[in-house]
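Enquirer: These are the residues of each chain, in order.
Number of protein chains: 2
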Amino acid sequence: MTHPENTPPILLVALGGNALIKKGQEGTALQQLDNLKVTLRQIARLSERYRIIITHGNGPQVGNLLLQQECCDAVPKMPLEILVAQTQGQIGYMIESTLDSELMAQNLTTRPLVSLISYVVVDEHDPAFKTPTKPIGPIYTKKQAEKGAWPFQKTARGYRRVTFSPKPITIVEKREIKQLINMGFIVICCGGGGIPVIREGRAFSGIEAVIDKDLASARLAMEVGADLFVIATDVKGVAINFGKHNQKMLRKLTRKDAQNYLKAHHFPEGSMKPKVEAALQFSSIPGKKAVIAFLEDIEKAVAGNAGTEFID
Amino acid sequence: MTHPENTPPILLVALGGNALIKKGQEGTALQQLDNLKVTLRQIARLSERYRIIITHGNGPQVGNLLLQQECCDAVPKMPLEILVAQTQGQIGYMIESTLDSELMAQNLTTRPLVSLISYVVVDEHDPAFKTPTKPIGPIYTKKQAEKGAWPFQKTARGYRRVTFSPKPITIVEKREIKQLINMGFIVICCGGGGIPVIREGRAFSGIEAVIDKDLASARLAMEVGADLFVIATDVKGVAINFGKHNQKMLRKLTRKDAQNYLKAHHFPEGSMKPKVEAALQFSSIPGKKAVIAFLEDIEKAVAGNAGTEFID
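Protein chains in written order, with our numbering: chain V, 4 to 315; chain U, 4 to 315.
Think of the hints as simulated: they come from the structure by calculation, not from any bench.
Small disclaimer: the values here were computed from a predicted structure and weren't measured.
Be aware that one or more of the hints could be misleading.
[Said to hold, decoys possible] With a straight-line Cα cutoff of 30 Å, these simulated DSS-like cross-link-like pairs (lysine-lysine) come out:
1) U/181 - V/40
2) U/80 - V/146
3) V/247 - V/276
4) U/181 - V/80
5) U/40 - U/259
Extracted from the complex, chain V is given alone in its bound form (with noise of 0.2 Å):
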């Protein structure tokens, strides 16, 4: 029943943890509901011209959950996909009251507006699911990482349980996320990069990982046919030699160089470096654009003023 030809083309904004917390902030739940209205008033705003996906981290969010169940003997404990589930009702629910609030602001109170739930499929035979490397949580003396039941790696500032972080299968609910964006609702999902699933026979099974958000959210904005992929983050667009003195940030980035700094290591690992993969999964198929941007210009980089963005 859709008018391609009327039909708004699709916007999938992923946003970083620090849409909701900001560097040096403690995180309460004013904190994160204030810091979100910034990114989500221009959402509200480009609402009007294109159908809108929203994604979202929960690093923090999801650190402060296993926290607060390692301190606490009396509930059990719930593995690390439960976790992701409680963090995709919780920022889920700040993304969307927050929007509704922005959309309310400017008489934009027609659009439906759902957050879901959402789990993502992995291989349970994907190699990273031989060496767990995704720091989370929280920082632990080199006495309790000794104690403690899981991996532990010493990071720079001190150690971190690490779990495996394997690749984005599939995303289960694609077919309701596309029917839902075609019918004009804004959809927010795939929150912390989906609670892991595998498939066992005929039934899904959570398990023990984290699936990195950028990468979800790219192969979520494949699985429903988005037009433009925008990952919103802290930096304004992707930099070479990051930190250095020769740092350059770059306003276009062909696929191919940006193949190259990859493999040669110019951006840190869980941080720009899953960015620049999805961005350039996403922007290999013809017609699709990526952009790497500042939280703060998602209009912007949206209009090709500002952020990274990968060009042919």
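For chain V, the structure is supplied; the task is to place chain U on it using the hints.
Expert: Coordinates of chain U only, in the frame set by chain V:
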């Protein structure tokens, strides 16, 4: 685009807490997922003949999150409505993934299925905000209660934190939920009675409270025009003289008798009483049917062969 004459009736099933955690269980993730199967197998089968909405409680789960954050001073404590949002994520995922598996097992994979974050507007002038009445979370000693930052109440099992339990005014996502079921989606929503919010001018704002899940479900059932409302719980139906030698289970209950029994305090607060009130509210609409039934008897109750049916 809907064809009323061909559209299946709308069934709203409200799942009690024991759909997830049975009496005496600790409530691990595996127990919760396993317990859900018997309920969701029935709902999967019913989805062939009904448009389906599933709502659910969150008592033990929100209590556990409260207890965890009390244990742990290292992370910012979240207000109650955020914890409710977290349980919507957790339980929404558990219900959705279990129902997905049951639908697959029955070759019913064409029905789209979503689990939504839901918030529910309450009135800040509701008299319920004068006195906290709803016990939540763990049991405390007298000493702990005296030192605590909230109101406490002495219950049969010890001291418990009490919070406000205002009436649900409207479910914010009602329009979206209605649209979704009309398109054949199975919708999981209104977890834990919904995240309580008040309207402040053009915005929604979370408020410290817990909404009764049966009353919120009745409200939603009325707002979306459900035809049949099943409140699924851990007893076979409504009984008078509950727990006494002359206890009598009722298969049919006239609305008038129900009102009289309510006045005569036959139904415990926070347990059967709000269920009877919710069933009365919904069944006040001509042609609408409300049933209170055992979790394992949902299909039978829908067929008119189990539970307590409210009649005129």
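Enquirer: None of the hints should be skipped; say for each whether it holds.
Expert: Here is how each hint holds up against the structure:
1. U/181 - V/40: Satisfied, since the Cα-Cα distance of roughly 28 Å is no more than 30 Å.
2. U/80 - V/146: Satisfied, since the Cα-Cα distance of roughly 27 Å is no more than 30 Å.
3. V/247 - V/276: The hint holds at about 17 Å.
4. U/181 - V/80: At roughly 36 Å apart (the allowed maximum being 30 Å), residue 80 of chain V and residue 181 of chain U break the hint.
5. U/40 - U/259: violated (36 Å)
Against the hints set out earlier in the document, violations occur for numbers 4, 5.
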